[in-house]
Amino acid sequence: MPPFRTVAAYAPPGVGLLAAGLVTEVFGPHGAALPGFDFALCADRPGPLPTDCGLPLAVPHGLERLAEADLVLALPGAGFRTPPPPAVLDALRAAHARGAVVAAHCVGAFTLAAAGLLDGRRATTHWRFAALLAERHPQVTVEAEALYVDEGGIVTGAGAAAGFDLCLHLLRREYGAAFANTVARDMVLPSHRDGGQAQYLAAPVPEDGEDERLAEVLAWAREHLDEPLPVTELARRAMMSRRTFARRFTAATGTTPHAWLRSLRLARAEELLETTDLPVEEIARLVGYGSGAVLREQFVRRRGVPPRTYRRAFTEAP
Numbered sequence: 003m004p005p006f007r008t009v010a011a012y013a014p015p016g017v018g019l020l021a022a023g024l025v026t027e028v029f030g031p032h033g034a035a036l037p038g039f040d041f042a043l044c045a046d047r048p049g050p051l052p053t054d055c056g057l058p059l060a061v062p063h064g065l066e067r068l069a070e071a072d073l074v075l076a077l078p079g080a081g082f083r084t085p086p087p088p089a090v091l092d093a094l095r096a097a098h099a100r101g102a103v104v105a106a107h108c109v110g111a112f113t114l115a116a117a118g119l120l121d122g123r124r125a126t127t128h129w130r131f132a133a134l135l136a137e138r139h140p141q142v143t144v145e146a147e148a149l150y151v152d153e154g155g156i157v158t159g160a161g162a163a164a165g166f167d168l169c170l171h172l173l174r175r176e177y178g179a180a181f182a183n184t185v186a187r188d189m190v191l192p193s194h195r196d197g198g199q200a201q202y203l204a205a206p207v208p209e210d211g212e213d214e215r216l217a218e219v220l221a222w223a224r225e226h227l228d229e230p231l232p233v234t235e236l237a238r239r240a241m242m243s244r245r246t247f248a249r250r251f252t253a254a255t256g257t258t259p260h261a262w263l264r265s266l267r268l269a270r271a272e273e274l275l276e277t278t279d280l281p282v283e284e285i286a287r288l289v290g291y292g293s294g295a296v297l298r299e300q301f302v303r304r305r306g307v308p309p310r311t312y313r314r315a316f317t318e319a320p
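Each residue of the sequence shown is one higher than the one before, counting from 3 in the working numbering.
No lab work stands behind these hints: they were computed from the structure. This one's a predicted model, so the numbers in the text were calculated from it and none came from an experiment. Everything hinted at is true.
The calculated label-pair distances, taken between Cβ atoms and stated as ranges, are:
{"hint": "1", "residue 1": "Pro87", "residue 2": "Pro232", "range": "50 to 58 Å"}
{"hint": "2", "residue 1": "Ala162", "residue 2": "Pro87", "range": "20 to 28 Å"}
{"hint": "3", "residue 1": "Thr26", "residue 2": "Arg124", "range": "25 to 33 Å"}
{"hint": "4", "residue 1": "Ala163", "residue 2": "His260", "range": "22 to 30 Å"}
{"hint": "5", "residue 1": "Thr234", "residue 2": "Glu70", "range": "50 to 58 Å"}
C-beta atoms are modelled at their ideal positions from N, C-alpha and C, and glycine is treated no differently.
Turn these sequences into a full structure, and let the hints steer you where they fit.
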């Protein structure tokens, strides 16, 4: 199927103002260099809608836009413990049945669960409400630690700012790494966080000199992906023991050094495959893999297709 062009976001009463602004910004215009989206914010009825901040939000469209969109988003709202009206659930089921991608982040996952769209699937939500989602919907496999979970036609994300990660993942999946990175740069956001990364970090901001050194090492590693970058070398640059470095790294990023580097290398390889004619062997060298065979093996394992197939998907004219 071609990438989604039309996007409709359902906003429930008490919708999160951050969530509404987030999707409006991601799927809004980003300059002439990028294809625009036909974006619509929807509600049960068009008009003023209360938000979680107490400010009214003008919603111009009703549920009819959900019947036309290639991508349908269920936004989180303060009243998520009460199921939405039947018309909303029917519209979400119909969108999924006709092949639209249906996604939600934070407690918007409860809306998809109420529609039965998460039954038999993996899903995530805000870590604070993961146990409640699992209790109310035992047919759903809740992955409480994940930033987002991609089940193909159904994608769910964690709370608050993880909605950015979910949206950027959808852009990356449908339009490629170069497109998603451009949108992320326009919004001054990190270009990619892996879905398996922990959503809750005990120490998410630097607290002392060691964490500042860690941040400097991570920035240095991003600029030297063509080098081997063993953990011992990263720990040395951070002036930490290997054990302390690994502990600090996991606390700061929610993942291991090896997994972080692998995600970074594959993301960079994606962008090079999309935007250059470089041979796979040269791309492998530039992102730090010993050979094209190693890159191919990692690409097939993590992306499901070999690099040349990925390149054709994003470079051949439709």
